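Trainee: Following the hints, put chain B in place on chain A, whose structure we already have.
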Amino acid sequence: GAVVSQHPSWVICKSGTSVKIECRSLDFQATTMFWYRQFPKQSLMLMATSNEGSKATYEQGVEKDKFLINHASLTLSTLTVTSAHPEDSSFYICSAPRGDFGNEQFFGPGTRLTVL
Amino acid sequence: AQSVTQLGSHVSVSEGALVLLRCNYSSSVPPYLFWYVQYPNQGLQLLLKYTTGATLVKGINGFEAEFKKSETSFHLTKPSAHMSDAAEYFCAVSELGFQKLVFGTGTRLLVSP
Numbered sequence: 001g002a003v004v005s006q007h008p009s010w011v012i013c014k015s016g017t018s019v020k021i022e023c024r025s026l027d028f029q030a031t032t033m034f035w036y037r038q039f040p041k042q043s044l045m046l047m048a049t050s051n052e053g054s055k056a057t058y059e060q061g062v063e064k065d066k067f068l069i070n071h072a073s074l075t076l077s078t079l080t081v082t083s084a085h086p087e088d089s090s091f092y093i094c095s096a097p098r099g100d101f102g103n104e105q106f107f108g109p110g111t112r113l114t115v116l
Numbered sequence: 001a002q003s004v005t006q007l008g009s010h011v012s013v014s015e016g017a018l019v020l021l022r023c024n025y026s027s028s029v030p031p032y033l034f035w036y037v038q039y040p041n042q043g044l045q046l047l048l049k050y051t052t053g054a055t056l057v058k059g060i061n062g063f064e065a066e067f068k069k070s071e072t073s074f075h076l077t078k079p080s081a082h083m084s085d086a087a088e089y090f091c092a093v094s095e096l097g098f099q100k101l102v103f104g105t106g107t108r109l110l111v112s113p
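Respectively, the protein sequence lines represent chains A and B. So the first sequence is numbered by my numbering: it starts at 1 and just counts up by one. So the second sequence is numbered by my numbering: it starts at 1 and just counts up by one.
For reference, chain A alone in the conformation it holds in the complex (with noise of 0.2 Å):
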């Protein structure tokens, strides 16, 4: 079946440092991938779509400057998340729809971000 992979897994990082998160979708090209925030005990939170060859597009509430989103090629979009604080550790999550499969959402493992 489709694979969503996510790199890295988890991440610790000191506060005003960046963190890259990348996103790929391993056996099928993703023009669209989605980018989800899901705080503990909490639902997911759509923060972004991410489109390749052109900007990503940001739900509203959703600092474009904090979180980078870089839709490099068919099969990676990457997050990255700028100057980060204790308040931006979270699990980030992203989705990419597969054409083939009537364009259901698969889901990556996650990435886990403290911020000391």
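The set of hints was computed from the structure by calculation and includes no laboratory data. The hints are all genuine.
Taking lysine to aspartate or glutamate pairs in the EDC-like style, the calculated list, with each CA pair at most 20 Å apart, reads:
| id | chain 1 | residue 1 | chain 2 | residue 2 |
| --- | --- | --- | --- | --- |
| 1 | B | K49 | A | D100 |
| 2 | A | K64 | A | E22 |
| 3 | B | K100 | A | E63 |
| 4 | B | K100 | A | E52 |
| 5 | A | K14 | A | D65 |
| 6 | B | K49 | A | E104 |
| 7 | A | K64 | A | E87 |
| 8 | A | K41 | B | E88 |
| 9 | B | K49 | B | E64 |
| 10 | B | K58 | B | D85 |
| 11 | B | K100 | A | E59 |
| 12 | A | K41 | B | D85 |
| 13 | B | K58 | A | E104 |
Note that the coordinates shown come from a computational prediction; the quantities given were computed from them, not determined experimentally.
Mentor: Only chain B this time, still in chain A's reference frame:
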């Protein structure tokens, strides 16, 4: 705007008992409805989905859900709980096919021996 309400943040059942996780949705157009399962520190796995057609949908691991338009509900059931079913379950709705999923707050299923 679309929204999802999951009643009960926690549901506890005994192994072998019926599992019922409730989901009500709000949508201005015929929705796509989903149930996902999440194990600790992992991503989401699709259990089942309703798009069009038959309102009773069967998914993986013995789960099923019924789309009831009149009640705007999409409750998840399983006749007999197994210890391995213990996880977080999310109901989701989309008005754009599979795009832009809106998730409920989740229900943690606890299964006791």
